[in-house]
Amino acid sequence: MTTNWLVFDYGGVISRHTDALPDLANRMGAGLADFESAYWAGRDLYDRGCSDLEYWRALGSRFGVTVDEELSATLTEIDIAGWLHTDEDTVALLAELAAAGARLALLSNAPVSFGRVAERQPWTAHFEHLVFSGDLRIAKPDPEIWTALAATLRASEADCLFIDDREVNVAGALEAGMRAQLWSSAARLRPELVRFAGGS
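First residue of the sequence shown: 1, per my numbering; consecutive thereafter.
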């Protein structure tokens with residue numbers, strides 16, 4: 001078996017970007033543009049392990065909405081569902097790579113609650129390891145996250161090719177000594193990924 005690891009990001013690579021923001025904004029009684037700005041402004045802390053309730057209460061305070069446990073659970077469910085729509089071409093590529101013996105891992109900036117739902121999705125069967133920032137309480141592109149990833153894989157950074165749709169995360173992986181590639185599409189990157197997975 002090859003010692004090379006293909007490490008995929010989730011959002012914008014395996015999944016399409018969320019379609020839940022209009023519904024979430026409506027639940028908060030907020031305009032979409034204002035809500036979207038607040039949604040992303042607080043996301044880093046959420047991805048680093050703060051609780052669902054803490055995240056939604058912080059957003060609610062921006063719009064004068066008191067968020068209790070029940071509303072938090074509803075918003076979390078809507079939010080997670082919005083991120084579960086996968087890209088068919090990417091999932092097909094993952095299946096092809098896994099069938100060919102590639103070693104696949106996931107490294108995603110994502111809340112703990114999303115990680116628990118993602119672990120039950122069919123596409124995860126192609127992966128040997130699923131690593132979520134919320135569980136580690138660190139996030140891409142922190143230097144510590146690449147060290148934690150390599151330790152999880154029991155591999156050197158040089159044995160990993162990391163794929164992400166954000167340039168800042170690709171740059172972080174390169175700084176850590178990994179090979180890294182900015183995501184464009186499954187069709188465009190397929191030859192390089194197949195070649196790397198084969199050990200070349």
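If you're looking for bench data, these hints aren't it; they were derived computationally from the structure.
A portion of the hints provided could be inaccurate.
[To be verified] With beta-carbon atoms standing in for the labels, derived distance ranges: (1) R57 - A92: 37 to 47 angstroms; (2) E167 - D23: 43 to 53 angstroms; (3) H85 - R62: 18 to 28 angstroms; (4) P191 - L45: 32 to 42 angstroms; (5) R154 - S61: 42 to 52 angstroms; (6) R57 - T124: 25 to 35 angstroms; (7) G177 - L32: 18 to 28 angstroms; (8) S156 - S61: 40 to 50 angstroms; (9) G64 - D19: 34 to 44 angstroms; (10) D135 - E77: 16 to 26 angstroms.
A quick note: this is a predicted structure, and the numbers were derived from the prediction, not measured.
C-beta atoms are modelled at their ideal positions from N, C-alpha and C, and glycine is treated no differently.
Results of checking the hints against the structure:
no. : hint                           : in the structure
1   : R57 - A92: 37 to 47 angstroms  : holds (40 angstroms)
2   : E167 - D23: 43 to 53 angstroms : violated (30 angstroms)
3   : H85 - R62: 18 to 28 angstroms  : holds (26 angstroms)
4   : P191 - L45: 32 to 42 angstroms : holds (38 angstroms)
5   : R154 - S61: 42 to 52 angstroms : holds (43 angstroms)
6   : R57 - T124: 25 to 35 angstroms : holds (30 angstroms)
7   : G177 - L32: 18 to 28 angstroms : violated (41 angstroms)
8   : S156 - S61: 40 to 50 angstroms : holds (45 angstroms)
9   : G64 - D19: 34 to 44 angstroms  : violated (26 angstroms)
10  : D135 - E77: 16 to 26 angstroms : holds (20 angstroms)
Taken one by one, the earlier hints fail for this structure at numbers 2, 7, 9, listed in ascending order.
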